Amino acid sequence: MIDEVVKVLNDVKRKMPLIHVITNYVVMNDNANALLSFGASPAMVMSPEEAYDFTAISNALYVNIGSINNEIKQAIINSVSSASVHKIPVILDPVGCAAIKSRIDFVKMLLKLGSISIIKGNGGEIKALSGENANVKGVDSLDDNGVMEACIKLAQKTNTVVVSTGKEDYISDGKKVVIVKNGTPLFTKITGAGCTLGAIMSATSAVSDDKIIAALTALLAVNIAGELAEKESNLPGTFRAKFINNLYIINPDIIKKHAKFEVLKV
Amino acid sequence: MIDEVVKVLNDVKRKMPLIHVITNYVVMNDNANALLSFGASPAMVMSPEEAYDFTAISNALYVNIGSINNEIKQAIINSVSSASVHKIPVILDPVGCAAIKSRIDFVKMLLKLGSISIIKGNGGEIKALSGENANVKGVDSLDDNGVMEACIKLAQKTNTVVVSTGKEDYISDGKKVVIVKNGTPLFTKITGAGCTLGAIMSATSAVSDDKIIAALTALLAVNIAGELAEKESNLPGTFRAKFINNLYIINPDIIKKHAKFEVLKV
Amino acid sequence: MIDEVVKVLNDVKRKMPLIHVITNYVVMNDNANALLSFGASPAMVMSPEEAYDFTAISNALYVNIGSINNEIKQAIINSVSSASVHKIPVILDPVGCAAIKSRIDFVKMLLKLGSISIIKGNGGEIKALSGENANVKGVDSLDDNGVMEACIKLAQKTNTVVVSTGKEDYISDGKKVVIVKNGTPLFTKITGAGCTLGAIMSATSAVSDDKIIAALTALLAVNIAGELAEKESNLPGTFRAKFINNLYIINPDIIKKHAKFEVLKV
Chain A
1 MIDEVVKVLN DVKRKMPLIH VITNYVVMND NANALLSFGA SPAMVMSPEE
51 AYDFTAISNA LYVNIGSINN EIKQAIINSV SSASVHKIPV ILDPVGCAAI
101 KSRIDFVKML LKLGSISIIK GNGGEIKALS GENANVKGVD SLDDNGVMEA
151 CIKLAQKTNT VVVSTGKEDY ISDGKKVVIV KNGTPLFTKI TGAGCTLGAI
201 MSATSAVSDD KIIAALTALL AVNIAGELAE KESNLPGTFR AKFINNLYII
251 NPDIIKKHAK FEVLKV
Chain B
1 MIDEVVKVLN DVKRKMPLIH VITNYVVMND NANALLSFGA SPAMVMSPEE
51 AYDFTAISNA LYVNIGSINN EIKQAIINSV SSASVHKIPV ILDPVGCAAI
101 KSRIDFVKML LKLGSISIIK GNGGEIKALS GENANVKGVD SLDDNGVMEA
151 CIKLAQKTNT VVVSTGKEDY ISDGKKVVIV KNGTPLFTKI TGAGCTLGAI
201 MSATSAVSDD KIIAALTALL AVNIAGELAE KESNLPGTFR AKFINNLYII
251 NPDIIKKHAK FEVLKV
Chain C
1 MIDEVVKVLN DVKRKMPLIH VITNYVVMND NANALLSFGA SPAMVMSPEE
51 AYDFTAISNA LYVNIGSINN EIKQAIINSV SSASVHKIPV ILDPVGCAAI
101 KSRIDFVKML LKLGSISIIK GNGGEIKALS GENANVKGVD SLDDNGVMEA
151 CIKLAQKTNT VVVSTGKEDY ISDGKKVVIV KNGTPLFTKI TGAGCTLGAI
201 MSATSAVSDD KIIAALTALL AVNIAGELAE KESNLPGTFR AKFINNLYII
251 NPDIIKKHAK FEVLKV
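Protein chains in written order, with the numbering used here: chain A, 1 to 266; chain B, 1 to 266; chain C, 1 to 266.
These are computed hints drawn from the structure, not numbers from a lab. Note that the structure is a prediction, hence the values are computed from the model and not measured. In this text, a Cβ means the ideal position worked out from N, Cα and C, and glycines have one as well.
List of simulated lysine-lysine pairs, DSSO-like, C-alpha gap at most 30 angstroms:
| id | chain 1 | residue 1 | chain 2 | residue 2 |
| --- | --- | --- | --- | --- |
| 1 | A | K15 | C | K137 |
| 2 | B | K101 | C | K13 |
| 3 | A | K13 | C | K181 |
| 4 | B | K13 | A | K137 |
| 5 | B | K189 | B | K260 |
| 6 | A | K13 | C | K137 |
| 7 | B | K13 | B | K257 |
| 8 | A | K87 | C | K189 |
| 9 | A | K189 | B | K260 |
| 10 | B | K260 | B | K231 |
| 11 | A | K181 | B | K15 |
| 12 | B | K189 | C | K87 |
| 13 | C | K189 | A | K15 |
| 14 | B | K73 | A | K137 |
| 15 | B | K137 | C | K13 |
| 16 | B | K260 | B | K15 |
| 17 | B | K73 | C | K73 |
| 18 | C | K108 | C | K157 |
| 19 | C | K87 | C | K15 |
| 20 | B | K257 | A | K189 |
| 21 | A | K231 | B | K231 |
| 22 | B | K101 | C | K15 |
| 23 | C | K189 | A | K231 |
| 24 | B | K101 | C | K73 |
| 25 | A | K189 | B | K87 |
| 26 | C | K231 | A | K231 |
Which bits of chain C does chain A cover? Going by a derived footprint, with three or more residues having C-beta under 8 angstroms, they are:
| id | segment |
| --- | --- |
| 27 | 16-26 |
| 28 | 66-77 |
| 29 | 180-192 |
| 30 | 237-249 |
Could you put together the complete structure from these sequences and hints?
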């Protein structure tokens with residue numbers, strides 16, 4: 001499995017995929033810098049008029065609903081429709097759907113509208129989408145109980161790869177679960193670590209048809225970059241910069257040396 | 001007074017209040033990272049459709065009018081209305097109201113609409129709101145003459161705690177004035193230092209009914225974090241990161257050691 | 001020529017021009033911090049209702065079309081109209097116009113609407129505007145062939161100073177070309193380096209009627225700040241902070257020591 005991860009990592013650097021990013025205003029700059037450091041080419045195109053055509057020329061679409069209003073919703077709808085027509089992978093980040101119930105309806109509508117490659121959320125969001133009660137504070141998830149089960153359930157229900165982040169991260173296609181144990185709690189002290197993960201996952205999905213591998217590559221890259229950054233600085237202001245540095249220098253040897261994950265059959 | 005400040009500082013860390021942030025696009029990321037470092041949980045929810053309900057589940061509302069358009073104005077109106085109904089403290093940051101006169105009308109409308117806990121602006125904005133002539137360049141204030149008096153007058157007129165920032169910062173409820181002498185001129189060389197102060201003031205207001213103390217705690221934390229950051233780097237690019245670091249590590253001992261303020265009766 | 005550059009650099013610090021910035025959401029924070037470090041006073045005012053009047057009190061207008069939607073288009077139209085009436089210099093950054101063809105029409109409309117002082121884009125954007133085929137990936141330009149010629153041609157066609165960025169940067173008024181050879185490839189690994197250049201060019205245009213000199217001053221300041229930053233860190237996360245530091249400390253001696261440019265007659 002690690003060899004496939006390495007291939008995806010190298011393919012991103014080699015192909016420099018164009019990622020259409022529709023994300024929230026808070027993390028737009030962070031997402032762009034993370035994608036550039038990782039070797040991809042991001043473009044944030046968020047008007048309904050431009051969204052459909054821009055998705056059509058992109059290699060993947062990242063949809064983050066953290067700042068949606070009616071206009072951005074329309075841009076997302078247009079882009080997801082375009083992605084379905086043009087066979088572009090879509091990574092969906094249902095930010096805040098546990099606290100703001102109307103967002104669950106919007107996510108369900110998107111799931112009907114087009115084929116979503118990966119749904120990636122924190123534990124609370126994945127539980128909320130799978131129909132469980134979630135313990136959240138605003139956009140943050142407060143406990144990880146039952147998250148793996150919710151992840152599997154949602155993958156089976158939606159026929160999609162589902163990724164949930166937390167103390168441990170889970171990737172499931174409904175048949176198996178990959179548990180990723182890398183990461184750092186400092187990610188909860190900076191804004192947008194989860195969003196950056198979603199953006200990076202779009203880059204890996206652009207170069208791999210195996211979305212489990214694409215998700216795993218992104219999780220390992222982001223989490224290990226975070227671990228290495230934490231060793232350089234355990235304070236959030238400088239940690240942020242070091243995290244981007246490490247996304248830039250990450251390579252197969254670093255991934256192989258630090259990766260901690262296991263695979264379970266469901 | 002310093003003991004009450006220490007209690008507020010500790011309560012933010014302990015309770016991790018959820019802060020509903022409606023702020024300008026320029027500083028959204030900075031505000032989110034500052035709140036996370038300080039121990040609060042920020043969420044930027046800015047659509048009119050979601051704003052009312054989200055304020056209702058938050059512990060404080062921060063309203064910054066730096067990037068208003070018609071849609072954001074509506075979101076602000078909905079959130080301030082919700083805050084009044086649900087007894088949520090509101091911190092209002094009248095960015096740019098000295099240069100753009102129509103913003104004064106919007107601020108006055110908000111003051112009628114709901115109860116505002118704290119109005120926090122730079123000297124020029126506070127003078128403009130209190131009906132004085134202000135010497136400003138765009139969103140920046142050019143002189144501090146008469147600011148303390150404007151602060152007191154506006155507090156009396158609006159029955160609100162008013163905070164003005166500048167070389168010295170003033171907090172007034174119309175009966176007394178607290179003068180805070182901490183800070184660094186480097187805050188004028190980075191964007192959004194004042195907005196970050198407003199966001200942090202929302203976090204302290206979420207855990208304290210005494211808005212003078214809430215304002216003082218935020219001013220001391222932000223200004224002292226800035227002073228310590230400046231000792232680590234006096235260049236704005238690295239200063240910004242060090243400022244966030246110091247907001248993260250600030251604690252009662254640091255506050256007690258560095259705080260410089262005095263209280264005057266009006 | 002370098003003496004004129006030095007004068008512009010000093011005049012920005014001395015006059016602290018107010019720059020009305022209408023830019024994309026991704027780089028708004030970066031643009032504001034860069035302008036503050038360079039000595040200017042930025043204000044991002046992007047609502048159609050406020051744009052006309054705010055341009056009228058500004059010293060220059062920076063228009064970046066990277067995140068346009070219908071509302072921002074209207075704000076831009078209002079501001080460019082105001083700039084024409086009030087003789088405010090306008091710097092136009094046609095982000096993404098090579099990949100999104102409808103943006104070319106919008107740019108052409110702006111060129112008819114008011115007098116644009118400088119058009120600044122990457123090689124692909126300048127080629128697309130001059131009617132050539134451009135080899136681009138999203139908002140990034142992939143090759144520099146024929147860019148100098150496109151730059152001259154567009155300057156002649158529009159009677160405007162045209163700046164194109166890439167491995168070498170070109171400035172042309174249609175009669176001569178200034179070739180700037182400073183810079184660092186790390187600018188392609190962070191988001192918004194080109195946008196920051198456009199913002200800085202607005203600050204220099206605010207204090208100089210000679211737009212060739214204004215463009216040259218901005219290019220030298222930004223590129224040399226980048227070169228010095230790269231010597232301090234060649235990793236993008238920390239490079240970004242060091243770049244802002246160097247925009248802050250740049251001065252006539254540094255410019256004179258490092259500037260590499262030549263002038264060709266057309």
